[in-house]
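Heads up: the sequence shown at position 345 corresponds to 345 in the numbering used here, and the numbers run straight through without jumps.
Simulated from the structure, these hints should not be mistaken for lab results.
Worth double-checking, as some hints may not be accurate.
Per label pair, the in silico range of CB-to-CB distance [as the list claims (entries may be wrong)]:
id: 1; residue 1: Tyr136; residue 2: Arg103; range: 36 to 44 Å
id: 2; residue 1: Ser422; residue 2: Leu277; range: 28 to 36 Å
id: 3; residue 1: Gln476; residue 2: Glu296; range: 37 to 45 Å
id: 4; residue 1: Gln293; residue 2: Ala478; range: 39 to 47 Å
id: 5; residue 1: Arg103; residue 2: Phe60; range: 30 to 38 Å
id: 6; residue 1: Lys281; residue 2: Gly475; range: 42 to 50 Å
id: 7; residue 1: Ala101; residue 2: Arg389; range: 52 to 60 Å
id: 8; residue 1: Gln151; residue 2: Val112; range: 29 to 37 Å
id: 9; residue 1: Gln54; residue 2: Arg374; range: 25 to 33 Å
id: 10; residue 1: Ser421; residue 2: Pro63; range: 20 to 28 Å
id: 11; residue 1: Arg299; residue 2: Leu277; range: 27 to 35 Å
This structure is a prediction, so every number in the text was calculated from the model and none was measured.
We put the beta carbon where it would ideally sit given N, CA and C, even for glycine.
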Amino acid sequence: MKQVWCSWRISHTDWRKTQCRRDSVWALRRQRAGSSLVLKVFELCSRGVKMLQQILVDMFIEPELLAELNEEQKQILFFKMREEQIRRWREREAQLENEEAARVKVKKGKTVSWMKGLDDDVWVWVMGEHPDDKPYDQICDEVMAERAALQAQREAEKLRAKKAAELEKRFSGLHLEPEQVVLSEQEVRQKEQRRAEEELKVLPVSSLLLNTWFVSVLTWRLVLCQKLELEERRKAEEELRRLEQERKQQIYISLKEVQGSKHTREEEEDKEWQNTLQKSKAADMRRRSLAKQTIEDHRRRSVRALERGRVAAMTKAFGSTNPAPAPKPRNTTNNSNAIRRKGGMRRSLSASSREHIIRWFKEEQLPLRAGFQRDQSRIAPWFHGIISREEAEALLEEGEPGFFLVRVSERVFGYVLSYRSSEGIKHLLIDASESCYMLLGDQIRFSSLSELLEYHQVEPLSSSGVEEYLRRACGQKAATADYTDLFT
Numbered sequence: 001m002k003q004v005w006c007s008w009r010i011s012h013t014d015w016r017k018t019q020c021r022r023d024s025v026w027a028l029r030r031q032r033a034g035s036s037l038v039l040k041v042f043e044l045c046s047r048g049v050k051m052l053q054q055i056l057v058d059m060f061i062e063p064e065l066l067a068e069l070n071e072e073q074k075q076i077l078f079f080k081m082r083e084e085q086i087r088r089w090r091e092r093e094a095q096l097e098n099e100e101a102a103r104v105k106v107k108k109g110k111t112v113s114w115m116k117g118l119d120d121d122v123w124v125w126v127m128g129e130h131p132d133d134k135p136y137d138q139i140c141d142e143v144m145a146e147r148a149a150l151q152a153q154r155e156a157e158k159l160r161a162k163k164a165a166e167l168e169k170r171f172s173g174l175h176l177e178p179e180q181v182v183l184s185e186q187e188v189r190q191k192e193q194r195r196a197e198e199e200l201k202v203l204p205v206s207s208l209l210l211n212t213w214f215v216s217v218l219t220w221r222l223v224l225c226q227k228l229e230l231e232e233r234r235k236a237e238e239e240l241r242r243l244e245q246e247r248k249q250q251i252y253i254s255l256k257e258v259q260g261s262k263h264t265r266e267e268e269e270d271k272e273w274q275n276t277l278q279k280s281k282a283a284d285m286r287r288r289s290l291a292k293q294t295i296e297d298h299r300r301r302s303v304r305a306l307e308r309g310r311v312a313a314m315t316k317a318f319g320s321t322n323p324a325p326a327p328k329p330r331n332t333t334n335n336s337n338a339i340r341r342k343g344g345m346r347r348s349l350s351a352s353s354r355e356h357i358i359r360w361f362k363e364e365q366l367p368l369r370a371g372f373q374r375d376q377s378r379i380a381p382w383f384h385g386i387i388s389r390e391e392a393e394a395l396l397e398e399g400e401p402g403f404f405l406v407r408v409s410e411r412v413f414g415y416v417l418s419y420r421s422s423e424g425i426k427h428l429l430i431d432a433s434e435s436c437y438m439l440l441g442d443q444i445r446f447s448s449l450s451e452l453l454e455y456h457q458v459e460p461l462s463s464s465g466v467e468e469y470l471r472r473a474c475g476q477k478a479a480t481a482d483y484t485d486l487f488t
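From just these sequences and the hints, can you work out the full model?
Here's what the structure looks like:
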């Protein structure tokens with residue numbers, strides 16, 4: 001009995017060790033599976049930005065591809081391109097600064113030395129801070145008054161010279177200096193005295209008196225003309241001074257008016273510049289707000305997608321090693337000339353682009369059952385072939401907001417989601433690279449078109465604050481389906 005109990009105890013101990021070892025193995029497997037799931041999710045997100053990275057490297061986007069983007073996608077793309085420009089500019093500036101620092105500066109003979117203050121720093125004088133400094137308006141008034149005085153003085157000098165020339169011409173025959181007048185009188189007296197002495201011997205007394213009176217009259221007339229000339233000069237000088245003062249006031253007033261008009265024009269230009277700056281800042285704030293809101297909405301939608309189990313379904317579809325199911329009896333055999341898949345959105349060739357797009361759809365999209373319903377039983381009603389933007393808008397014209405269709409793009413290897421909103425008909429480009437589907441500019445990837453459309457029936461399409469959902473599919477309206485050439 002003792003031996004049986006011991007053997008049972010040993011067997012029970014071995015069973016417990018085996019069970020613990022099995023639990024450890026299962027825990028390790030679950031941990032490895034969770035790590036692989038996280039790695040796959042990060043791998044999917046990293047592949048989603050290949051096309052955007054290529055555009056930022058080239059700093060160029062094809063006009064055909066740009067035409068397929070909506071306004072929100074364009075704003076996001078332009079914001080990313082601007083960030084890339086700023087980053088490159090900063091790198092070039094840093095490189096130039098390093099090159100200038102490494103470059104040896106050649107000393108020249110001439111140098112400039114700055115006057116230093118008490119604090120051993122460059123001495124700076126700020127006008128208006130010292131108590132003895134005059135206000136700026138007073139300095140401007142003094143400068144204008146000085147300029148007006150100089151200009152009026154120059155004009156007065158010209159008038160004075162002109163007036164002096166006129167007086168000189170007027171009194172040229174009678175112009176004598178006071179010293180010359182005194183000398184002339186003395187000479188006249190001496191001559192008269194000599195002549196009188198001579199005439200006393202010959203002429204009678206009456207003739208002598210007449211000559212004396214004649215000389216006196218000439219002398220008086222000469223003195224009177226000189227006084228008149230001096231009076232004229234004095235009056236002319238007073239008139240010139242008065243004109244100079246008046247002209248000075250006129251010039252000062254005109255300078256004040258010019259300065260006032262200049263200040264008014266500068267204020268208007270400054271006001272206009274301030275308005276332009278405010279508009280630019282407001283537009284910049286709107287762009288930043290839009291980008292921030294887009295990021296927040298993308299994060300929110302990503303979290304919701306994780307909660308709804310989208311990532312798990314996508315990981316299962318991508319992680320499976322089994323090939324995709326073959327299509328229903330269709331002739332879709334691949335040959336050596338098949339189009340090779342590349343990362344990112346690809347644009348079709350310019351020549352015979354429709355044939356290349358049809359070939360791409362048959363060789364790459366049919367194996368993925370693109371355009372079929374979720375159960376892959378038949379083609380979805382929302383799917384359309386290679387139709388133009390105008391044809392899509394004509395089909396959606398009579399619908400209500402939320403009326404949508406998916407068409408094969410005419411220009412790139414991908415699809416276009418056309419839907420009607422309250423603002424009109426919009427078109428969103430769908431990236432079909434990497435064997436998955438996503439809206440251009442978005443990072444949420446789906447394994448099929450139907451899954452993408454079902455997701456946006458409950459989640460808004462736009463991240464700009466306007467909630468737009470897909471409501472009802474737009475089917476075929478013509479007798480012959482427009483996707484016949486894609487499946488034949």
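Taking the hints in turn, this is what the structure says about them:
1. Distance hint check: the CB atoms of Tyr136 and Arg103 are about 42 Å apart, consistent with the given range 36 to 44 Å.
2. Between Ser422 and Leu277 the Cβ separation comes to about 34 Å, which falls inside the hinted range of 28 to 36 Å.
3. In this structure, Gln476 and Glu296 meet the distance hint of 37 to 45 Å, their C-beta atoms being roughly 39 Å apart.
4. The hinted window of 39 to 47 Å between Gln293 and Ala478 holds, with their beta carbons roughly 41 Å apart.
5. With their beta carbons about 34 Å apart, Arg103 and Phe60 fall inside the hinted range of 30 to 38 Å.
6. At roughly 48 Å, the beta carbons of Lys281 and Gly475 sit within the given window of 42 to 50 Å.
7. Taken as a hint, the range 52 to 60 Å holds for the pair Ala101 and Arg389, whose Cβ atoms sit roughly 55 Å apart.
8. Distance hint check for Gln151 and Val112: the Cβ-Cβ separation is about 36 Å, which falls inside the suggested range of 29 to 37 Å.
9. The beta-carbon spacing between Gln54 and Arg374, approximately 32 Å, falls within the hinted interval of 25 to 33 Å.
10. Ser421 and Pro63 have their C-beta atoms about 24 Å apart, which keeps the hinted 20 to 28 Å range intact.
11. Under the hint 27 to 35 Å, the C-beta atoms of Arg299 and Leu277, about 33 Å apart, fit the expected range.
Consistency with the previously given hints is maintained throughout, with no hint failing.
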